[in-house]
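Engineer: So the chains spell out like this:
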Amino acid sequence: MMELHTAESGHEIIKVNGRALCSKVNPVEDARRFLSRYNFDSSEAVIFFGLGCGYIAVELTKLKPNLDILILEPNELLITQVKRIHGLEMANINVMPVRSRHQIIGSMQVQQRLMKPYQVLASLMSFQMYPDVFDEDLKLYLLARTKKGAEFVANLKGYKADLSAVTSEELISMKNIRLGSGVNSEEAKVNVLKELLA
Amino acid sequence: MNLIIGGKAKESILVVALLRMGDIVMLSPALKNLRKQFPNANIEIMINENFKHFAPLIPFVNGVKYFPRQALQSALLDKNKSLFFSIDCLSEHVNKLDDYDICYNFTHNKLSSHMMELIPARKKIGLQISDESHCVTNNWLSYLNETRVLDTQHKFHYSDIFKFATGNSGSREFYLQGVKGLDDELFQEIDHEEFIVFQPLSSDEKKNFPMQSTLHVIDQFLKVKEDFGVYILSAPSETAYFKEILATVGVDDPRVKIIECGLPMAAAIIKKASLVVSVDTIYKHLASAANTDILEISLGSSEFGFTGVYNENSIIVSPQTDCYPCEHSSKCSNLLICQTQIPVDVISSLMVSILEKDIKISGNRYKSSGVSISKAQFSNLGFWYSVPLVGGEKIKSARQLISRYALHFMFEGQDELQIPPVGSYAIKLLKDLVSIGLDKSEILNLADSVNKESEEQENKYFKIQKRITMQIKQQLIRGEDVSI
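Order-wise, the sequence lines are chains A and B.
If you want the working numbering, it's the 1-based position in the first sequence plus 1.
If you want the working numbering, it's the 1-based position in the second sequence plus 658.
One or more of the hints may lead you astray.
To be verified - Straight-line alpha carbon distances no greater than 30 Å define the calculated DSS-like cross-link-like pairs of lysine-lysine that follow: (1) B:710 with A:63; (2) B:768 with B:1118; (3) A:176 with B:710; (4) B:1054 with B:1098; (5) A:195 with B:723; (6) A:25 with A:65; (7) B:1089 with B:1124; (8) B:723 with B:668; (9) B:754 with A:195; (10) B:737 with A:117; (11) A:158 with B:754; (12) A:158 with B:768; (13) B:1015 with B:881; (14) B:768 with A:176; (15) A:161 with B:737; (16) B:694 with B:930; (17) B:768 with A:195; (18) B:754 with A:65.
No lab work stands behind these hints, which were simulated from the structure alone.
Kindly produce the complete structure, drawing on both the sequences and the hints.
Structural biologist: Here's what the structure looks like:
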């Protein structure tokens, strides 16, 4: 059940099944605090799990106007309500209704973002509210930190990734991948980055 | 890519310099050589982005490219960023680079060697891993990676290796550009006609001169030189620490000041200073570039033979502890003992001697001080070396000098048969040996011993060494005056 409320700061907020999706005190301040924990330098795209009350997305566009934001949200009614609350402020924010993990991975909208320097952000609440859609495994897959995820993203980007030395349970870091060589060698790039980790 | 200007092609050159700021200053003689060799070229230098503030001081270049080292590192460690995030960022950085005619790697670490592979250039000089078809051999730069081939560790100052690698223009100093006068605010701070700059801290704890000792040195110094000011230059991040120390030990002498300033202003202050006392920091290199007298305190992993103060007649004090110099990256396992081995009165007394131009450091005066005192000097072939004044072994130093002469000739592409039989070359070396303090019999003994060592060796380096020592002997046997 969805209910609309007003935060102490006067901002409109949303509760789903009795649970507030953002701060009941000041959702704008709370969104800014949340965003300050992340580094968006050099990022061109961000994929969010869950729309919440929309304040985080709106504050992020103010912070990084050129950032390509894609929000994955299973609750279509929530999308409608958030768009109503924020109106024009939502114009540059892409919200994609999602139903399953399979649909997310197969989506062109998601894959387009995976071609850029991107990050994936997920709150604990999104995992708790939609456990059938969002989980840590999906996040790691999209971040190319699992063997299958890395193969998937590498393939999208046209990298010849050699992950034969990695087990399917292992989390992948720059230290244990090899990319194919060429004139503008991806392998040399990986070697440069490995040195930065040394 | 060649730019056509007035119908004439203009070369484009990139120099990769991905180390610290001090290392970039040490490259300045090599940059001067490149500018001399390519007067109209567009020369760019690639430095780490976090040293952006230093860029205006880099001489002889037309532009600076920034390597986003910190951004890449933080992206690699960010668990919310994709595995490929840093690769994408690095690709973007590489894609923005021009096509160069020549790219020099003056960094010589693994990272730079992989970067060399990514930089578009027709000719690549210096260390690069793989893609050997582009590899251009340069004896001087190869030497950085081939120390095990020879019987020795590095024997040349880093600056000299790059200087000779780009053709020796005879530079015996560092260069900076755009060092301006003091701005109004700092002008107020510099409230003494004569002052010294004292830099006891470096980026590595092992190389620091203890603050307590620093304050004692300053106290002793100011008792002799009452009219001087003593300034410690501080980056904004260090100021609070320095001020806290001064407050803790109760220093309220108005002649002692912490001056917070950026590097361009630090360079301007150092230019006006009468003396810079410094551990292994960029400040000593700024002083070299400003031709200000320097007293270097070399501690921990600081090896002055490679990165020492590059001014003729500057003085270097180092400990005689067995573990000095220690490994660069390892932590000290000896409770930083070398830092306690430098007596306060030795430093303050040397400071006064240098200011009074009394640089003939008497052996007896400091004999029991437990430290080594050396003087920076340039050989007659143009390379830097240190002459032991106190506590050092002059025969060892002379032996290294002969070795450097041999290496120099080998790297310049000459073999033992091309060295002129006897003459000006031998005289050059003899003069250098005499400057270390060797007399005729010591030189003859040394020549015999080097000859013997080299006798059974087939290596080119040893053959050249043998030839050199034979020439020295012939020169001396002919009765030439070596006390020139």
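Engineer: Need the list of violated hint numbers for this structure, in ascending order.
Structural biologist: none
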